[in-house]
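Please model the complete structure; the sequences and the hints are all you need to start from.
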Amino acid sequence: MSQRSNVAPDPAENQVTVPSSRKLYSYEARREGRVIAKIAAFGASDGSVVVETKVHPVNQPLGDNGIARPFEFPDADYARRFVDEALLALEYLNCDIVD
1 MSQRSNVAPD PAENQVTVPS SRKLYSYEAR REGRVIAKIA AFGASDGSVV VETKVHPVNQ
61 PLGDNGIARP FEFPDADYAR RFVDEALLAL EYLNCDIVD
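Just so it is clear: in the sequence shown, position 73 is 73 by this note's numbering, and no numbers are missing.
Where hints are given, some of them may not hold.
[Said to hold, decoys possible] Cross-link-like lysine-lysine pairs, in silico, DSSO-like; alpha carbons within 30 Å at most:
hint: 1; residue 1: K38; residue 2: K23
hint: 2; residue 1: K54; residue 2: K23
hint: 3; residue 1: K38; residue 2: K54
Calculated directly from the structure, the hints in this document are not laboratory data.
Given below as structure tokens:
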């Protein structure tokens, strides 16, 4: 039987470095005025895109750093579809999406 580790994940493990990246777009999802999630896409010179997400669980105290995770995509179309689906899911959860 395996045991869960009580060690918090290292945020540095989820860092992705995109050489010479530029911000393509970003959004915030808010519920009752509180920021629930942040999503930002960065394009690299090779055409790939990294979507950086940060989720702030509602059961965590205000001011908490949240959970950050990058998602890498081969091109802007794949990244855009991912972001659109994430935003739609957040809207279904009664979040307001802000550019």
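Results for each hint:
1. For the given pair, K38 sits about 14 Å from K23 by alpha-carbon distance, which is consistent with the 30 Å threshold.
2. Taken as a hint, the K54 and K23 pair is honoured in the structure, with Cα atoms around 16 Å apart against an allowance of 30 Å.
3. Only pairs whose Cα atoms come within 30 Å are accepted, and K38 paired with K54 is accepted, the gap being roughly 5 Å.
Violated hints for the displayed structure: none, as all numbered hints are satisfied.
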